[in-house]
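Undergrad: Construct all of the structure, not just a fragment, from the sequences and the given hints.
The listed protein sequences derive, respectively, from chains A and B. Everything in the first sequence is counted per the working numbering, starting at 1 for the first residue and increasing by one. Everything in the second sequence is counted per the working numbering, starting at 1 for the first residue and increasing by one.
These are computed hints drawn from the structure, not numbers from a lab. Incorrect hints may appear among the rest.
Stated by the list, open to error - Derived pair list, reagent style DSBU-like, types lysine-lysine, alpha-carbon separation capped at 30 Å:
#, chain 1, residue 1, chain 2, residue 2
1, A, K399, A, K360
2, A, K432, A, K412
3, B, K191, A, K117
4, A, K481, A, K412
5, B, K191, A, K301
6, A, K326, A, K430
Every value quoted in this text rests on a predicted model; they were computed, and no experiment measured them.
Here are the chains, one letter per residue:
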Amino acid sequence: MTSTLNPRFTFDTFVVGAANRLAVTAGRTVAENPGSAYNPLFIYSGSGLGKTHVLMAIGHAAKALAPQLNIEYLTLDEYVEAFHAAIAAGQGDAFRRRFQNVDALLVDDVQFLTNRKEMQAELLRLTEALQQAGHQIVLASDRPPAEIADLDERLISRFSGGLVVDIGIPDYETRVAILRRKSEERGSTFQPGVLETVAKLEFPNVRELMGALNRIVAYQAVNDTPINAEAARQLLGTTTVASPTVVSPSVSSSTAPDEFSQFLTDVTVTVGKAVEAWRARVAEAMLRWEGEGYRTGRLEKLLDQETPAAVDEAIAAYVLDVDRLKALEAEVAALDPQAAGEKVFHDPDRMEEAESAAAKVRDGAAPPPGPSAAFPFDSYIAGPSNEVVLSAARDVIAKPGKKYNPLVIVGKSGLGKTHLLNAIGLELAKKKGAIVACLSTQAFVDELIAAIDGNRVDWWRARYRRATALLLDDIQLLAGKERTQEELFNLFNQFLDADRQLIFTAPAHPNTLEGLEERIISRLEGGLVAEVSEPDKELRRNALERSLKSQHVPMDVALLDYLADRPTDSVRSLTGIVQRVVEAAAAQDAPVNAGLARDVLEGSPSARRTTGLRTSGIVVSSAGGVRSREKMVWDWPASSDRVIEELR
Amino acid sequence: MSLVNFTSREITCKIVYYGPGRSGKTTNLHYVYGRVPETRRGRMVSLATQTDRTLFFDFLPIDLGQISGFSTRFQLYTVPGQVYYNATRRLVLQGADGVVFVGDSQARQLDENLESLQNLQSNLLEHGVDVRTMPFVMQYNKQDLPPELILTPPELDDALNFRAVPSFAADALHGTGVFETLKGISELVLKRLATGSPA
Chain A
1 MTSTLNPRFT FDTFVVGAAN RLAVTAGRTV AENPGSAYNP LFIYSGSGLG
51 KTHVLMAIGH AAKALAPQLN IEYLTLDEYV EAFHAAIAAG QGDAFRRRFQ
101 NVDALLVDDV QFLTNRKEMQ AELLRLTEAL QQAGHQIVLA SDRPPAEIAD
151 LDERLISRFS GGLVVDIGIP DYETRVAILR RKSEERGSTF QPGVLETVAK
201 LEFPNVRELM GALNRIVAYQ AVNDTPINAE AARQLLGTTT VASPTVVSPS
251 VSSSTAPDEF SQFLTDVTVT VGKAVEAWRA RVAEAMLRWE GEGYRTGRLE
301 KLLDQETPAA VDEAIAAYVL DVDRLKALEA EVAALDPQAA GEKVFHDPDR
351 MEEAESAAAK VRDGAAPPPG PSAAFPFDSY IAGPSNEVVL SAARDVIAKP
401 GKKYNPLVIV GKSGLGKTHL LNAIGLELAK KKGAIVACLS TQAFVDELIA
451 AIDGNRVDWW RARYRRATAL LLDDIQLLAG KERTQEELFN LFNQFLDADR
501 QLIFTAPAHP NTLEGLEERI ISRLEGGLVA EVSEPDKELR RNALERSLKS
551 QHVPMDVALL DYLADRPTDS VRSLTGIVQR VVEAAAAQDA PVNAGLARDV
601 LEGSPSARRT TGLRTSGIVV SSAGGVRSRE KMVWDWPASS DRVIEELR
Chain B
1 MSLVNFTSRE ITCKIVYYGP GRSGKTTNLH YVYGRVPETR RGRMVSLATQ
51 TDRTLFFDFL PIDLGQISGF STRFQLYTVP GQVYYNATRR LVLQGADGVV
101 FVGDSQARQL DENLESLQNL QSNLLEHGVD VRTMPFVMQY NKQDLPPELI
151 LTPPELDDAL NFRAVPSFAA DALHGTGVFE TLKGISELVL KRLATGSPA
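TA: Below is the structure:
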């Protein structure tokens with residue numbers, strides 16, 4: 001598709017005069033240092049003054065200096081044609097790559113860019129790419145960039161950004177030199193004064209000058225006598241005078257072919273517009289959507305048709321599909337930026353796949369597990385022992401992400417960390433637009449594993465990234481889970497950067513937890529580590545009162561005092577104690593009182609039981625905590641040895 | 001009627017020159033015939049009476065060659081103008097892609113023009129064609145006659161061209177306006193391809 005360089009068009013065969021010296025000098029410089037001297041070099045001149053010659057000469061010179069250079073010369077029309085062919089063959093990318101790897105690109109006749117918006121865009125892209133790669137571009141046109149009608153401003157500035165030179169009409173001396181050079185090349189000698197006579201005739205360009213030379217060369221070849229100056233003038237002069245009479249024949253005979261051919265031309269134009277208009281429309285649509293990165297296979301198939309059956313409808317349907325894809329892509333991009341880049345969102349022939357891909361992302365966009373409704377903030381029993389953590393919690397609720405971030409609630413099991421965590425989560429979730437992720441670390445790890453398994457880590461991440469607060473229970477369970485720590489670390493940073501609240505619970509100070517990476521620990525320590533200590537008497541009393549009330553036990557101050565005085569290290573064990581006392585009372589059919597409680601609690605202890613994993617013991621369902629609470633049975637053999645069993 | 005055949009890649013346009021008797025329809029065709037290179041035109045079929053009145057119809061096929069990959073042919077027909085040849089006129093009108101109404105510019109022929117126009121409309125209706133959907137141009141012929149005998153194109157437009165179709169002043173004998181008319185009707189006919197109505 002690329003023209004080869006005409007071997008006759010070199011700098012050596014180019015006659016340099018005042019009118020073209022600048023262009024030739026610039027051309028030589030460019031050929032010697034492609035890409036570094038003037039880039040792009042833009043040469044313009046009227047027709048037949050040597051644009052193409054200089055362009056090809058640059059190619060030859062550059063090639064002679066560095067034979068390994070990849071030099072392409074082509075006219076704009078060839079470029080357009082090649083581009084269209086490449087697009088039609090679905091090789092648009094290959095086409096672009098091919099031209100981006102050219103060391104010096106010589107494009108002739110760029111004035112034909114007029115009204116070719118898509119080619120202008122393409123050429124702009126190519127010019128940028130070539131310039132960035134330090135490759136040379138030389139352009140030739142019959143007018144300066146600014147005068148090419150409808151040329152994109154960016155192209156004008158880009159073309160003008162290098163060097164713009166023009167080639168003027170050669171002066172008399174140059175014309176004589178050209179004629180001498182050319183007649184030498186042709187092996188013709190003329191009497192003195194002949195070439196000068198020819199040069200005196202003012203031809204608008206060199207090409208016509210060559211035509212005149214050819215004429216006298218031919219004349220001299222068929223005549224035995226060498227042509228003299230007078231004969232040359234007559235030869236050239238008469239033809240110019242005679243030509244109008246030849247061209248304008250008598251009225252009656254001349255109008256005939258004219259009228260018909262004029263008619264034929266008009267009809268051709270009309271037919272071209274009418275018959276192939278649909279192809280043009282399809283091609284236009286293809287170029288447009290191809291340019292926007294959509295696959296146009298469906299439109300290409302249209303072109304294979306013989307008849308334009310419902311072309312506009314097909315294009316409209318295609319555009320509709322593209323719009324749908326755009327909508328899907330936008331939707332997906334909001335949820336999962338990585339998934340939005342998938343090719344399926346740029347192929348209207350795979351709408352179903354795109355829909356299902358979007359649906360998949362949409363599933364992933366379901367909000368992450370939220371806090372359990374079973375732990376309202378109001379039901380959290382306050383006392384001096386948890387005063388600090390409670391006030392921190394209130395601050396966090398008032399200014400999420402601003403005051404204590406992260407907030408790490410530490411304390412032994414059964415002191416209400418999970419309750420507090422969920423309670424804060426519930427309060428945070430009340431805020432407008434809040435998405436609170438609140439779950440146990442174990443569930444967090446399990447989700448990640450499932451995501452890795454289902455190859456959906458991206459949406460898993462996106463899901464959490466959209467959360468406005470992340471609350472993780474039992475952070476110590478991250479121990480040894482390197483991948484989860486990695487993910488959490490990233491999330492952590494993002495949340496901190498965006499001032500979004502992070503809350504964790506841990507059984508002990510983060511720096512005493514084993515198996516956690518230093519970077520996580522330091523970040524946990526960086527916020528506020530608030531400790532929940534063993535319940536004080538007041539808190540115990542409050543908790544017992546509430547517990548007894550919930551068991552419908554009549555208020556008995558002696559019982560309350562007795563129970564509250566018992567040493568316990570957690571609120572949860574108090575609940576267990578009340579449970580045991582109430583059950584025993586029910587079994588013995590006796591009223592619940594201090595005496596019964598003493599019998600039950602100070603009698604023989606039952607066998608010790610242990611569980612494997614020690615967690616806070618409450619597995620919180622995001623769906624609703626009340627039911628899960630009913631499913632739990634507390635069995636406390638002794639306050640010092642808590643065993644939690646979950647029966648399902 | 002198949003105007004454009006995409007399978008065989010052919011375009012065939014049937015253009016009928018209609019109008020009252022002696023308005024110059026055959027003259028139009030003769031002029032075109034004289035200007036089309038021999039290689040491009042078929043034999044002009046003309047059945048005329050001894051006084052050169054069109055007896056049946058004139059037929060001039062023109063081959064425009066390959067246009068946009070379509071071999072394009074124009075078939076120019078004239079109808080006999082006299083009132084009593086209506087059956088022939090109707091026959092010729094059948095399957096027409098476009099109609100040129102060649103009107104006689106002479107003032108005294110105005111009624112004949114009107115009558116012929118009405119006749120055209122009713123004949124088209126017989127073929128189930130609404131004249132409003134048919135590509136249609138007017139030619140006011142004989143504009144070379146002395147001004148006192150003829151009506152000017154604006155006057156004729158007022159009198160005849162109530163659908164405001166393109167109209168052309170012409171002197172078919174000397175060729176003025178002949179190709180303009182042909183070009184005008186061709187454009188209308190071919191533009192229908194773009195809208196893709198008959199295929």
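Undergrad: Checking against the hints above, which ones are violated?
TA: 1, 2 and 6
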